[in-house]
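Take the given structure of chain A and dock chain B to it, following the hints.
Chains as they are written, first to last, in my numbering: chain A, 72 to 637; chain B, 6 to 156.
Errors might be hidden in some of the hints.
Simulated crosslink set (SDA-like; lysine to any residue; CA at most 25 angstroms straight-line) [said to hold, decoys possible]: (1) A:LYS591 - B:ALA124; (2) A:LYS301 - A:ALA335; (3) A:LYS339 - A:THR293; (4) B:LYS59 - A:GLU283; (5) A:LYS569 - A:ASN544; (6) B:LYS59 - A:GLU332; (7) B:LYS59 - A:ASN544; (8) A:LYS532 - B:ASN128; (9) A:LYS569 - B:HIS87; (10) A:LYS569 - B:THR71; (11) A:LYS389 - A:MET294; (12) A:LYS331 - B:VAL114; (13) A:LYS532 - B:VAL114; (14) A:LYS532 - B:GLY97; (15) B:LYS45 - B:HIS87; (16) A:LYS331 - B:LYS45; (17) A:LYS331 - B:ASP61; (18) A:LYS331 - B:THR71; (19) A:LYS234 - A:GLY607; (20) B:LYS59 - A:ARG365; (21) A:LYS591 - A:ASP484; (22) A:LYS290 - B:GLU96; (23) B:LYS59 - A:ALA335.
These are calculated hints, taken from the structure and not from any lab test.
Note that the structure is predicted; figures quoted are calculated from it, not measured.
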Amino acid sequence: MTTRRDLLQFSAAAAAAFAATGLGTGGLTRAFAQQRVGEADLLAFEPLGNVTLVHVTDIHAQLMPVYFREPTFNLGVGDAKGVPPHVTGKALLETYKIPPGSPLAYALADIDFEALAKSYGRVGGLDRVATVIESIRAARGDRVVLLDGGDTWQNSYTSLATKGQDMVDCMALLKPDAMTAHWEFTLGEERVKEIVEKLGFPFLCQNVRESEFQDEVFKPSTMIERGGVKIAVIGQALPYTPIANPRWMIPNWTFGIREKELQAEVDKVRAAGAGLVVLLSHNGFDVDRKLASRVTGIDVILTAHTHDALPAPVKVGKTLLIASGSHGKFVSRLDLDVRDGTVRDFRYRLIPVLSDVIKPNAAVAATIAKHRAPHEKMLGEVVGKTDTTLYRRGNFNGTLDDVICDALLAERDAEIALSPGFRWGPSLLPGQSITREDVYNATAMTYPAAYRMAMTGTRLKEILEDVADNIFNPDPYLQQGGDMVRVGGLSYTIDIGKPIGSRIGDLTLARTGASLAPDKDYTVAGWASVNEGTEGPAIWDVVFDHLKKKPTVAPTGASTVKILGA
Amino acid sequence: MTTTVSRREAFALGAGVVAVLALGGADKAFAKNDSDDLIKAFTGGKAPVKGKVKLDLPDIAENGNTVPLAFTVESPMTEASHVTDVLIVAEGNPRGGLATFHFSPRSGVAEAATRIRLAETQNVIAIAKMNDGTLFMDTRQVKVTIGGCGG
Numbered sequence: 072m073t074t075r076r077d078l079l080q081f082s083a084a085a086a087a088a089f090a091a092t093g094l095g096t097g098g099l100t101r102a103f104a105q106q107r108v109g110e111a112d113l114l115a116f117e118p119l120g121n122v123t124l125v126h127v128t129d130i131h132a133q134l135m136p137v138y139f140r141e142p143t144f145n146l147g148v149g150d151a152k153g154v155p156p157h158v159t160g161k162a163l164l165e166t167y168k169i170p171p172g173s174p175l176a177y178a179l180a181d182i183d184f185e186a187l188a189k190s191y192g193r194v195g196g197l198d199r200v201a202t203v204i205e206s207i208r209a210a211r212g213d214r215v216v217l218l219d220g221g222d223t224w225q226n227s228y229t230s231l232a233t234k235g236q237d238m239v240d241c242m243a244l245l246k247p248d249a250m251t252a253h254w255e256f257t258l259g260e261e262r263v264k265e266i267v268e269k270l271g272f273p274f275l276c277q278n279v280r281e282s283e284f285q286d287e288v289f290k291p292s293t294m295i296e297r298g299g300v301k302i303a304v305i306g307q308a309l310p311y312t313p314i315a316n317p318r319w320m321i322p323n324w325t326f327g328i329r330e331k332e333l334q335a336e337v338d339k340v341r342a343a344g345a346g347l348v349v350l351l352s353h354n355g356f357d358v359d360r361k362l363a364s365r366v367t368g369i370d371v372i373l374t375a376h377t378h379d380a381l382p383a384p385v386k387v388g389k390t391l392l393i394a395s396g397s398h399g400k401f402v403s404r405l406d407l408d409v410r411d412g413t414v415r416d417f418r419y420r421l422i423p424v425l426s427d428v429i430k431p432n433a434a435v436a437a438t439i440a441k442h443r444a445p446h447e448k449m450l451g452e453v454v455g456k457t458d459t460t461l462y463r464r465g466n467f468n469g470t471l472d473d474v475i476c477d478a479l480l481a482e483r484d485a486e487i488a489l490s491p492g493f494r495w496g497p498s499l500l501p502g503q504s505i506t507r508e509d510v511y512n513a514t515a516m517t518y519p520a521a522y523r524m525a526m527t528g529t530r531l532k533e534i535l536e537d538v539a540d541n542i543f544n545p546d547p548y549l550q551q552g553g554d555m556v557r558v559g560g561l562s563y564t565i566d567i568g569k570p571i572g573s574r575i576g577d578l579t580l581a582r583t584g585a586s587l588a589p590d591k592d593y594t595v596a597g598w599a600s601v602n603e604g605t606e607g608p609a610i611w612d613v614v615f616d617h618l619k620k621k622p623t624v625a626p627t628g629a630s631t632v633k634i635l636g637a
Numbered sequence: 006m007t008t009t010v011s012r013r014e015a016f017a018l019g020a021g022v023v024a025v026l027a028l029g030g031a032d033k034a035f036a037k038n039d040s041d042d043l044i045k046a047f048t049g050g051k052a053p054v055k056g057k058v059k060l061d062l063p064d065i066a067e068n069g070n071t072v073p074l075a076f077t078v079e080s081p082m083t084e085a086s087h088v089t090d091v092l093i094v095a096e097g098n099p100r101g102g103l104a105t106f107h108f109s110p111r112s113g114v115a116e117a118a119t120r121i122r123l124a125e126t127q128n129v130i131a132i133a134k135m136n137d138g139t140l141f142m143d144t145r146q147v148k149v150t151i152g153g154c155g156g
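For reference, chain A alone in the conformation it holds in the complex (with noise of 0.2 angstroms):
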């Protein structure tokens, strides 16, 4: 067997070599990853205490395993530039003592991508997640705690077609304690609802309240005994769903990140015993690190949101914060020491998910084939090849969106095109085939429709720095997760230390190299408009219809965006 040790010194050299022998089969892949490490080991844990966490967040309804390339840009700003989680690739592999080319290397930076992949194979699939949760709760019986930060029912085609219910069976077999949610909410409020009674298990959101009256939508928190001590499991959605997604969705409901509110659950819940206090939380890792540190009393805080995946939790105060990546990659392990109302000691591990490592768990496999049997066909069809990664992640650019850009450019006859800033997207590596539903997993939503509209210079320069002090406002609280909009046909400098309304210039027409005009309009294409009546095709089917005409693609991930100030 191999230890943990050999484990983590198994060289990038030797995934390299292997990779050059050809992108190899998923028998080949699978014989390759189980030769260098073994499913006892990704599971390795010496456990301690009274109380395990077990956290999965952001699948973004991938039931299936995929591909994942981390981002090689993540900046921070503020009181978060150039620490965790805005440290990617070789830096972060350097914070963390992980050895280059080791699983986990892999699973969290960007570096030898391709190779480690050909090599390690996909990752997640939500019967391969399924297993590892039976295996902790095997070992550590009555002390697991298993909690879902959310984004769990969408993005997928299979999720859109059957509104999440594919998602909530498959979920349901995982047995979870608790959940919150973010991209729930774009199911809208009576499909929300509809799932909520029948969930069999609480949805919690402390900060989500009727308008009118303020009153509770949902239950804010829930007790669970585990290992003799009573665990609060609070629920935080994303404070920020009526503005980042379309707010006619869910017209009676309101957010906000209600301090105020949390802090009176928290001191509610500890008055009642808690021992344990956990906020199971969708605001973004930069939000909660700031809240962690003006909200007292919480223990432990399970993030999400910015998909972002830690090897080790961050301290702010007495409160550890949880990062457990996205779309099935991670199954995060936390167990506790708690005695008296106090962590006394804690041991972690970021649990890798490598498909062809983890034996997928028959039942959950089964209700997925299930749900996925009337599509299959279809979703398989091939509709195009790529000669380059096609990835999501990073701040300005993704090869991914570069190719809808593209679609939209020439199947809008647009002169710009604007792609919405999204972190979900499972990557494909060079020379694979694209598939219908490789194009439903970068898409997949409830207002897809690509519009087509005139836009003036000045327009567009205000929608950039919108967006932009979305994403680098110093204050993590005026921040909503998300990257910067992206942009076709367009190039534009920007300063991310400086104030709204200051950070774009430079914005330049591709196509003619001219600066824009303030008053003149430019035809604009774009999709995920969050207004209410958005007309245009699906924006899956302007892909369709562009990798008809262009079935290769080859996009280089060259951006068109000049980064100052970072």
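Only chain B this time, still in chain A's reference frame:
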């Protein structure tokens, strides 16, 4: 820009305030509105001191058309010492005036809540006038975003 309602109506408002919303329609789009003039008229040119009045507004408005606003002013609200008026202005709306609230010792507390409309990201200013003529103020910036890219 203010009117007065009867005492009964005032009590029906809960905190016993006399309130009116005076919200401008689309006026000429000058960069700077009339908020300075409104403040000058209210204060008689005297500079208010920061403190005692606390504005409660969201950091980011979910909907600029209906932003919840609340304020409280620290005061014993006795005949000897009480708040008489509170002016609320918005620096970035087409017109600066949002509301003026009138209080008396019978109000019991000097607090109120309403909803305001904000055209863009801007400062909202509350100025409280005491019966002895002293003035206190608070300022909050509210971000009104175009939104739509978080995820």
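For each hint, the structure was consulted:
{"no.": "1", "hint": "A:LYS591 - B:ALA124", "result": "holds (23 angstroms)"}
{"no.": "2", "hint": "A:LYS301 - A:ALA335", "result": "holds (18 angstroms)"}
{"no.": "3", "hint": "A:LYS339 - A:THR293", "result": "holds (11 angstroms)"}
{"no.": "4", "hint": "B:LYS59 - A:GLU283", "result": "holds (22 angstroms)"}
{"no.": "5", "hint": "A:LYS569 - A:ASN544", "result": "holds (9 angstroms)"}
{"no.": "6", "hint": "B:LYS59 - A:GLU332", "result": "holds (18 angstroms)"}
{"no.": "7", "hint": "B:LYS59 - A:ASN544", "result": "holds (24 angstroms)"}
{"no.": "8", "hint": "A:LYS532 - B:ASN128", "result": "holds (22 angstroms)"}
{"no.": "9", "hint": "A:LYS569 - B:HIS87", "result": "violated (43 angstroms)"}
{"no.": "10", "hint": "A:LYS569 - B:THR71", "result": "violated (29 angstroms)"}
{"no.": "11", "hint": "A:LYS389 - A:MET294", "result": "holds (21 angstroms)"}
{"no.": "12", "hint": "A:LYS331 - B:VAL114", "result": "holds (21 angstroms)"}
{"no.": "13", "hint": "A:LYS532 - B:VAL114", "result": "violated (46 angstroms)"}
{"no.": "14", "hint": "A:LYS532 - B:GLY97", "result": "holds (19 angstroms)"}
{"no.": "15", "hint": "B:LYS45 - B:HIS87", "result": "holds (21 angstroms)"}
{"no.": "16", "hint": "A:LYS331 - B:LYS45", "result": "violated (34 angstroms)"}
{"no.": "17", "hint": "A:LYS331 - B:ASP61", "result": "holds (12 angstroms)"}
{"no.": "18", "hint": "A:LYS331 - B:THR71", "result": "holds (21 angstroms)"}
{"no.": "19", "hint": "A:LYS234 - A:GLY607", "result": "holds (21 angstroms)"}
{"no.": "20", "hint": "B:LYS59 - A:ARG365", "result": "holds (19 angstroms)"}
{"no.": "21", "hint": "A:LYS591 - A:ASP484", "result": "holds (18 angstroms)"}
{"no.": "22", "hint": "A:LYS290 - B:GLU96", "result": "violated (38 angstroms)"}
{"no.": "23", "hint": "B:LYS59 - A:ALA335", "result": "holds (20 angstroms)"}
Figure legend: structure checked against the earlier numbered hints; hints not met, in rising order: 9, 10, 13, 16, 22.
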